[in-house]
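Residue numbers (the working numbering), protein chains in the order written: chain A, 1 to 185; chain B, 1 to 206.
To be clear, the hints were calculated from the coordinates, so they are not data collected in a lab.
Treat each hint with caution, since some may be false.
Stated by the list, open to error - For lysine to aspartate or glutamate, the following DMTMM-like pairs were computed, each having C-alpha atoms within a straight-line distance of at most 20 Å:
hint : chain 1 : residue 1 : chain 2 : residue 2
1    : B       : Lys39     : A       : Asp71
2    : B       : Lys45     : A       : Asp7
3    : A       : Lys132    : A       : Glu87
As the structure is a prediction and not an experimental result, all values here were calculated from the model.
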Amino acid sequence: MKIFDHDRAGVASALTTFAPIIPGEEETVRELIEALPQGEESPFARLPQLHCSRLHILRELQYQGGGQKPDELASSYLVFTSSYDGELDDYLDTICDEIPEEADSWWSHCVAYPGTADRAAFKRYIRSHHRKTSLFAAAYPPETVQSVRDALELRRRVVDFVVDTQGLSAAELQRRFDETFAEAV
Amino acid sequence: MTTAPAERTAAPTAPPSRNPGNVHGRMTALTLFSPVRLKWRPVQKVAFWLGKYVPLAQTHILQFDFIHYVRWTVFRDFPYDGPPQPKRDRLNYPYLFFESNFDGPWQHYIDAFAYCIPGDIRFVWGRGINFPGPPPAEPLKRWIAENSREGGTYYQAFPNTGVKEVKGALAVRDGLRRLVVESKGLSPEEFKAAYERFLHEVQHGL
Chain A
1 MKIFDHDRAG VASALTTFAP IIPGEEETVR ELIEALPQGE ESPFARLPQL
51 HCSRLHILRE LQYQGGGQKP DELASSYLVF TSSYDGELDD YLDTICDEIP
101 EEADSWWSHC VAYPGTADRA AFKRYIRSHH RKTSLFAAAY PPETVQSVRD
151 ALELRRRVVD FVVDTQGLSA AELQRRFDET FAEAV
Chain B
1 MTTAPAERTA APTAPPSRNP GNVHGRMTAL TLFSPVRLKW RPVQKVAFWL
51 GKYVPLAQTH ILQFDFIHYV RWTVFRDFPY DGPPQPKRDR LNYPYLFFES
101 NFDGPWQHYI DAFAYCIPGD IRFVWGRGIN FPGPPPAEPL KRWIAENSRE
151 GGTYYQAFPN TGVKEVKGAL AVRDGLRRLV VESKGLSPEE FKAAYERFLH
201 EVQHGL
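Let's have the full structure, built from the sequences with the hints guiding it.
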């Protein structure tokens, strides 16, 4: 991990890529990504280190008025953002291992996309289309997806314990606590 | 391709009924992409550097317990991969790409931004072209409605768990770990007192 890594906040990393869409294929890729299943059925749910991700198309720029010299894009771009745990290389490996067909289905509509089958080329492609983060911040920077999941599960067990042990003697409470939470450290 | 600004006197855009591509469960991704005045860019660079390396600034950025992850990325040149891409897109201004992942619809929180941290908002976006620096909040809401990028698909690992809930669970975990360590060798009465202190300390996280 680099010391001056602006793509990093604690254990979390930010990836922001802009991939030019092949002219004429914008509508196909829009329909494809908007038809992706959501929630647990989403392909992104198969990436265990992924906190959040968005995939959308940047086609137009909002004119601000007020004397702005208008900007226009010659291409449409498929924008992919992720907040994930750990290193980019590992994250891209997970994409290649877990969702190769889905990743190819949307990026194959982008110019010069090499596909996940050539893993090294895929990684080069993603890195070269990444725009470095100026500032990235996380609400709970030391925590991974798994540690948050574990903490939520542990809290549920504590709530159950509190309800189940109401009215017990001090000795019985201590015995039940040791039995239930000895492995919590 | 350019979209003209909507009539600025119009009411803020209501969330569309169909999935707008930036909502999953209770979570929303707000994505904005707006130009920055060239002469303001060096100041903004310093501000982002301070935001990264000054601990107080980090705390300040995340003072509201509803933002999970937030990023700012500034660039002017888009990737060029050769034909059939028509040409290299180089914009007249650097553009600020902003993405915030937070609990609930953004309309609920703009008042907090507009009235609690108006200086921060104006500092980051206020030198953008024609940006309606808060307060008041209504022009800012209209500007966000105009500039929010819609469509696509969005995923959150914990779509129905807010930041406060996550932080509460982490506090319960940390308190429980301390209790397990510190309660070793205590008498039953001493343990019960320590257990009740633990519950008192973490009650907001339960």
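> Which earlier hints turn out false for this structure, listed by number in ascending order?
Replying inline: Checked against the structure, no hint fails, so every one of them is satisfied.
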